[in-house]
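S.K.: Sequence:
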Amino acid sequence: MDNIQKQYIDLLSSQQFHEEELDYTHLDRHIAALSSSAIFAGSALSIFDLYRCEHVYESTFHQSLFRDQQGKYTGVQIHPDDLVQVMKNGVAGMRHVFLHKKQSQYVKQNKLIREYRALIRGTYKRITEETQVLETDHRGNVWLVLSIVNISPNQLPPYKVVSQLIDSHTGDIFSPLDDYFDKEKILSPRETEILMYIEQGKLSKEIADKLHISVHTVNTHRQRILKKLKVDNSIEAIKYARILGSFDD
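Counting in my numbering, the sequence shown runs from 3 upward without gaps.
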């Protein structure tokens, strides 16, 4: 759990905000639209500010739904058996979005949809949560994130955490997201080693000489790295590996 929390904090701190560049009239506009929307009247809505690292809006229904049996608002309390998995796919979703954060439109068209159990008025029930980016700053940092929560119509066992990252424009689905979390399952030690040499600016011949393998083998590894990380070039591969923490000691 501590490792997951550290990765979450590291991801948040990887963004460099400048407060004077953030226009909070955008937040006011979103709150006004959500508060007056009949479509979302029966959903629990919240907006998380990644600059302030806090929820800056929680709808009336959100505050009503997540109360304990004494009527005290507790926020979203995830079932202990689901917590680690929910944190894992949350970090995985952030990594994927942060990888493309310079592409504002792409970031906003991605939705993380999850099902897990949370405490609803004193009883654990399965909920469906849809999360999407509302605003980025002009540097591409993910700034305001909307969460839409509804009670799932399926309350029967088995109780399994389900997560999907969906591109609403193309229909592409990344699932299960935990494949992106377990970095050791993505690149092999040799592939990580080669990518580190690529980051240092070494050519395939130089890498081959250092590792005592053929240039053909190096190039084969390079192609596999791009395929595994689902990127088009080495620059993107290096950036993604950094986000995944593949170069961490």
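Heads up, some of the hints might be wrong.
[What the hints assert, rightly or not] Straight-line distance between alpha carbons at most 16 angstroms, and here's what the computed EDC-like set of lysine to aspartate or glutamate pairs gives:
1) LYS162 <-> ASP211
2) LYS127 <-> ASP174
3) LYS230 <-> ASP211
4) LYS110 <-> ASP83
5) LYS162 <-> ASP70
6) LYS232 <-> ASP169
7) LYS232 <-> ASP174
8) LYS127 <-> ASP169
9) LYS110 <-> ASP70
Since the hints were made in silico from the structure, they are not lab data. In this text, all values refer to a predicted model and were calculated from it rather than measured experimentally.
S.K.: Run every hint past the structure and note whether it holds.
M.R.: Status of the hints after comparison with the structure:
no.	hint	verdict
1	LYS162 <-> ASP211	violated (48 angstroms)
2	LYS127 <-> ASP174	violated (29 angstroms)
3	LYS230 <-> ASP211	violated (24 angstroms)
4	LYS110 <-> ASP83	violated (30 angstroms)
5	LYS162 <-> ASP70	violated (23 angstroms)
6	LYS232 <-> ASP169	holds (15 angstroms)
7	LYS232 <-> ASP174	holds (13 angstroms)
8	LYS127 <-> ASP169	violated (27 angstroms)
9	LYS110 <-> ASP70	violated (33 angstroms)
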